[in-house]
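Asks: Listed below, chain by chain, are the residues.
Number of protein chains: 2
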Amino acid sequence: MRRFGLVLLFVSGVVAAADAPSERPRPPTMAEVLAATLPSDWRGLDPGNTLYLQVPGGRVVIELAPAFAPLHAANIRTLVREKYFDGLAVVRSQDNFVVQWADPDGKRPLGTARATVPPEFTVPSQGLPFARLPDVDGYAPEVGFVDGFPVGRDPRTGEAWIAHCYAMVGVGRGNELDSGNGAELYVVTGQAPRQLDRNIAVVGRVVKGMELLSTLPRGTGAMGFYEKPGQYVPIQTVRLATDVPPGEREKLEVLRTDTATFMKLVESRRNRSDDWYKVPAGHIDLCNVPMVVRPQP
Amino acid sequence: MRRFGLVLLFVSGVVAAADAPSERPRPPTMAEVLAATLPSDWRGLDPGNTLYLQVPGGRVVIELAPAFAPLHAANIRTLVREKYFDGLAVVRSQDNFVVQWADPDGKRPLGTARATVPPEFTVPSQGLPFARLPDVDGYAPEVGFVDGFPVGRDPRTGEAWIAHCYAMVGVGRGNELDSGNGAELYVVTGQAPRQLDRNIAVVGRVVKGMELLSTLPRGTGAMGFYEKPGQYVPIQTVRLATDVPPGEREKLEVLRTDTATFMKLVESRRNRSDDWYKVPAGHIDLCNVPMVVRPQP
Numbered sequence: 001m002r003r004f005g006l007v008l009l010f011v012s013g014v015v016a017a018a019d020a021p022s023e024r025p026r027p028p029t030m031a032e033v034l035a036a037t038l039p040s041d042w043r044g045l046d047p048g049n050t051l052y053l054q055v056p057g058g059r060v061v062i063e064l065a066p067a068f069a070p071l072h073a074a075n076i077r078t079l080v081r082e083k084y085f086d087g088l089a090v091v092r093s094q095d096n097f098v099v100q101w102a103d104p105d106g107k108r109p110l111g112t113a114r115a116t117v118p119p120e121f122t123v124p125s126q127g128l129p130f131a132r133l134p135d136v137d138g139y140a141p142e143v144g145f146v147d148g149f150p151v152g153r154d155p156r157t158g159e160a161w162i163a164h165c166y167a168m169v170g171v172g173r174g175n176e177l178d179s180g181n182g183a184e185l186y187v188v189t190g191q192a193p194r195q196l197d198r199n200i201a202v203v204g205r206v207v208k209g210m211e212l213l214s215t216l217p218r219g220t221g222a223m224g225f226y227e228k229p230g231q232y233v234p235i236q237t238v239r240l241a242t243d244v245p246p247g248e249r250e251k252l253e254v255l256r257t258d259t260a261t262f263m264k265l266v267e268s269r270r271n272r273s274d275d276w277y278k279v280p281a282g283h284i285d286l287c288n289v290p291m292v293v294r295p296q297p
Numbered sequence: 001m002r003r004f005g006l007v008l009l010f011v012s013g014v015v016a017a018a019d020a021p022s023e024r025p026r027p028p029t030m031a032e033v034l035a036a037t038l039p040s041d042w043r044g045l046d047p048g049n050t051l052y053l054q055v056p057g058g059r060v061v062i063e064l065a066p067a068f069a070p071l072h073a074a075n076i077r078t079l080v081r082e083k084y085f086d087g088l089a090v091v092r093s094q095d096n097f098v099v100q101w102a103d104p105d106g107k108r109p110l111g112t113a114r115a116t117v118p119p120e121f122t123v124p125s126q127g128l129p130f131a132r133l134p135d136v137d138g139y140a141p142e143v144g145f146v147d148g149f150p151v152g153r154d155p156r157t158g159e160a161w162i163a164h165c166y167a168m169v170g171v172g173r174g175n176e177l178d179s180g181n182g183a184e185l186y187v188v189t190g191q192a193p194r195q196l197d198r199n200i201a202v203v204g205r206v207v208k209g210m211e212l213l214s215t216l217p218r219g220t221g222a223m224g225f226y227e228k229p230g231q232y233v234p235i236q237t238v239r240l241a242t243d244v245p246p247g248e249r250e251k252l253e254v255l256r257t258d259t260a261t262f263m264k265l266v267e268s269r270r271n272r273s274d275d276w277y278k279v280p281a282g283h284i285d286l287c288n289v290p291m292v293v294r295p296q297p
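Chains as they are written, first to last, in this note's numbering: chain A, 1 to 297; chain B, 1 to 297.
Just chain A, same shape as in the assembly (with noise of 0.2 Å):
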């Protein structure tokens, strides 16, 4: 069983430091921060901005980002609520990159929601509560959290956007800059493309379920499409939290990173203290900062 215990014992590893004799005190590791975490250090999810998505395997919860990209938000809650997505398929996973769901016949109507919508791939980040990292990082000036999400900030420029980390929801669109109503979503499944941020409006996360879409067989044609509709995963329905009765919603509650607690925990990520490290990183990229989520205590 011993041999079980090899790898990375950095999540729920068992450090005995407080037992070793020592001069200085170890940094907390991760798992350490959060026993030590407060109820004012969690938030819950707005049920008016999360998304069920229902497909074979179970259930993926989705938390939309209207402070970055009001309209595409809006455009989707509206196709939700008008039952656009229900009986669609994931038509594409692309190995290392996304998965994506799609009218695979493109002739549903978008019903009340708009087929255009303006380009939402930055936004003005004066006033976001941004939590900067010191974190050197080659694709922005500057990154940090705003409110669970991974943003990049240009001071220059003045915008602020999200980043293409792991779980993040896009809005797929054609050369276009308008041309993405929300019809067709992607989430990221492999190593960060950040070389779409700021080119794509980015939506959302998954903060449930992302095993359910990170396993699905890889499309074998180009760009990870499913090649044969027998191949399509059914997205059977789609729902607004506050569509669903509250006894069948999802009771989670996800870190919040405006807080001091928050900046600990990356911390202790940025630099592990557990035995198993010999070198610290002495860095931490903005989309390995792990997204905490908890059932509701």
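Don't take each hint at face value.
Derived lysine-lysine pairs resembling BS3-like cross-links, with alpha carbons at most 27 Å apart [stated by the list, open to error]:
no.: 1; chain 1: B; residue 1: LYS83; chain 2: B; residue 2: LYS208
no.: 2; chain 1: A; residue 1: LYS107; chain 2: A; residue 2: LYS251
no.: 3; chain 1: B; residue 1: LYS278; chain 2: B; residue 2: LYS208
no.: 4; chain 1: B; residue 1: LYS83; chain 2: B; residue 2: LYS228
no.: 5; chain 1: A; residue 1: LYS208; chain 2: B; residue 2: LYS228
no.: 6; chain 1: A; residue 1: LYS228; chain 2: B; residue 2: LYS83
These are computed hints drawn from the structure, not numbers from a lab.
Got chain A sorted already, so can you dock chain B onto it with the hints?
Replies: Frame of chain A; chain B shown alone:
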């Protein structure tokens, strides 16, 4: 059908710029760079350092990196030749992190292989054919490629190491630095866990069949371990390519990384020139540079 064309025309995207009136020629896309390669831009795989991992879904091809972990690579070759791995199992699949295989019972004798191997977490960088990228990196003072592998380098210490990018293969170890012997290997299936760099031996990379590992169901135990033996994914056999009849070997070539062609390819990804992109990134992360493999022509 048009809707299929949305999002990210970047690989197969056909760009009509050659027909468009333009003062300044557009830089080549990756597809164009690849279409213009010469036979000398490619190299084969050394069958003496190529592993075939047979899982129920098919064959995974691993290229060992003896230049970075010679003792670990040698120990793994010994284990393979003595059929240590045959009949073992993938015992762990942690979402956005790694899959890992091992002896679930921890009882199989190591044969003539070593039980401990001195740490090979870094190597002297002198003499390595390091193709340096100009891009900033938070985890290493310098980054680039050595014979296809993504590498960090520190001119101050004179060390180099393989970076934990997607598809890299590492050697599980316990807290003791020499406790990894290659009997337990992991493959990166998520956002590059660069904090592992210099803390563990990276011994190779998957060059074909990543999707067979990356789509495995996630384990529901701590750290993604499968909780029930029935969930284990069999490792049917592992073979060195030299021990497989030539007619049954994979006929693959990988793009060399010590060429002007490769630097053109990196630039085509650093600043995308196809019409879909509004803003070029002006940067590429080491782990976003594609590993290009093709069937032998």
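Asks: Hint by hint, note whether the structure agrees.
Replies: A quick look at each hint next to the structure:
no.: 1; hint: B:LYS83 to B:LYS208; in the structure: holds (21 Å)
no.: 2; hint: A:LYS107 to A:LYS251; in the structure: violated (36 Å)
no.: 3; hint: B:LYS278 to B:LYS208; in the structure: violated (32 Å)
no.: 4; hint: B:LYS83 to B:LYS228; in the structure: holds (25 Å)
no.: 5; hint: A:LYS208 to B:LYS228; in the structure: holds (23 Å)
no.: 6; hint: A:LYS228 to B:LYS83; in the structure: violated (39 Å)
In the structure shown, a violation is registered for the earlier hints numbered 2, 3 and 6, in ascending order.
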